[in-house]
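What follows is each chain in one-letter form.
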Amino acid sequence: MRNYFKYAVVLFLVVSLLALGGIGCSTKEEGGATPTPAATPYKVGALFASSGFNSTLGQTQKPTVEMLVDQINKAGGINGHPLEVIIYDTKSDTATATTLANKLIEDGVVAIIGPTSTGESMAVKTITAQAGVPLVSCAAGSVIVEPAGNNTWTFTTPQLDYVAIDRIYTYLQEGNITKIALLTDTAGFGAAGRKWLVNQTMLSKYGLSIVPDGDQTYGTSDVDMQAQLTKINGTEAQAIVCWGTNPGPAIVARNMRTLGMTIPLFCSHGIAFKSFIDTAGTAANGVIFCAGKLPIVDQLPTTDPQKALLEKYKTDFDAWYGSGIANTFGGHAYDSLMMVVDALKAVGPDKAKIRDYIENDIVNWPGTGGVFNMSPQDHNGLPRDPKQAMILVKIVNGQWTWLQD
Amino acid sequence: MSSAQFVQYLISGITLGSVYALVGLGFTIIYAVTKIINFAQGEFVMLGGLLSFTLIHRAGLPFVPALILAILIAAAVGAAMYLLAIRPSRKASVVSLIIITIGAAIFIRGIAGQELTKDFVRLPSFSGEESISFLGAHIDPQALWIIGTMVVVTIILHLFLNYTMVGKALKACAINPVASSLVGINPKTMALVAFTLASALGSIGGVVLAPLTPLNYQAGIMLGLKGFVAAAIGGFKSPVAAVFGGLLLGIIESFVVAANWGPFTSAYKDAIALVVLLFILLVRSGRLAEEERAG
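Protein chains in written order, with our numbering: chain A, -6 to 398; chain B, 58 to 352.
Please note that the accuracy of each hint is not assured.
Reference listing, derived: stretches of chain A covered by chain B, where coverage requires no fewer than 3 residues with Cβ under 8 Å from a Cβ of chain B [what the hints assert, rightly or not]:
id, region
1, 41 to 51
2, 215 to 223
3, 236 to 245
4, 249 to 257
Worth flagging that the hints you see were computed from the coordinates, not collected in a lab. Ideal placement from N, C-alpha and C gives every residue a C-beta, glycine not left out.
Working from the sequences, and respecting the hints, build out all of it.
Laid out in structure tokens, this is it:
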């Protein structure tokens, strides 16, 4: 009798596991609608961190691409050819990303979009370059595409890391702030940002200095930053710049309020998620961060070249994936895919021609991140002037508000 | 360092230390009864937080019932883990059983990420968010809830182990399993009790921690590690020693940041836990070996 019970339990577990779905399935997921059998599909590869520690960033990228593929194929595909995007989950792991990049090349894709993070992109770009497959990354590390001459096959669509720091430092300088403290994540995004934040040329350009004891860090899995903030509280710092992705900055905002600290908190675009406001609660109010225009699209003037496109993306994505989730990271996937799609439309499925097209013909091209002007010298294409490249957003009453300066 | 700053570092350390202590208690209880180090212990902290959030936001339960139900579910998961993974392989060596717990941890983490949420979640504070001033330091009211919960739980656990039949049986089983089974205590039942109790303790930690700091499905890894160090400082012997270990670790971590001394900047905060662990293992290894022989 007991044995039967045991089998029943095991059977129940197996059945419930199958019912849960997804678990144990292959990571390969085909995006989009059924291709029309008449024409051969155009195959594009995509690598996104849908799980793992970068999944906060990668979360919206896969559904964005799936939505676009659906829209494009419903509208008749690209010159009659259905678009097929093979999306793999890198699990936020560089080794997995390289394996999957090789797999995509074997799958016969004409271009690859992604990966989500700088680390993964750095690992993947040599493989794609050797195979002669254009890579349009979704990561902000300037090392990915600079200098462009050494990265012939690699492009990237987010605003580059140092531009974001330029943007915040410009604002600090204009607000007559000279002494700052840093609180950065020790992992990828935060560490890459810190490199630019502490850069002496960068600091002196804006007349800033970091106070003694003002260069603090925290681990990605830390649950409390009160000790670091107490340290900063004892300094002359007039503002804190926190570089990291959720939940670190949310904990910092909350801890600052607990400690009764009133100096302003500046964050990176790594907090441009609704979840930041959810996790930081009312402590989110007053936090200022730099970002693309997507968070404040409703406040943009109608003359803005990106407004229509951003509004459409936001509305479509709300309907496709759930309300209020669209963010700039999904936007990077949008830009990367649409560049490849435009290239396919113009030159067909020829890898070298696609590369040439993106390098030379993505000019005055409005995307979600800005108006792109690619060139053989610039494989990012977004303006480097901080005020043109990014905007500042201030959280007021739990809402993103455009901080015009 | 001013006295206000000193108090601030101390309280911040005690708050975190209390969470480590709750996890460490679980490690200690399971080890005492079964000699297994349950590496899934941290996952129950995560479950406590994520289950509460899911029950409130998806099942629409009121706050307090949701928290209680979350703790009960986590305890049931702990019991199920023992019944389905540990008990069927009871003939395996202790090392194999420890490896099984690592597998169980990965399994629980995976299911939580897939079925509960991949996002970071935060619960509302138990009693407002206005910080309290104390000797020039500022305290989040939730920190008091965490410290208070840890103290109350430790007292209840102490009373349970010393003044109830089941508690005494648990202790007996920990002291001498053979003798206690001779007097009619079933070690298997006691192991089940230990796993259930430990999971409940971990999830209580998660429930009180979630309002202070956002948790996600991977939050259990680091908290489990810290709880393990807390239990190791306490020598896996008594619950009170584990609490002491947790508090000590929390305070050390906090003052490492405060000292900012030489190479020990805040970046080394987590490494300190491991250095403390290595130190403890070095100092204790001789004694542990003796105890093994004696046992």
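Cross-check of the supplied hints:
no.	hint	verdict
1	41 to 51	holds (count 4)
2	215 to 223	holds (count 7)
3	236 to 245	holds (count 4)
4	249 to 257	holds (count 4)
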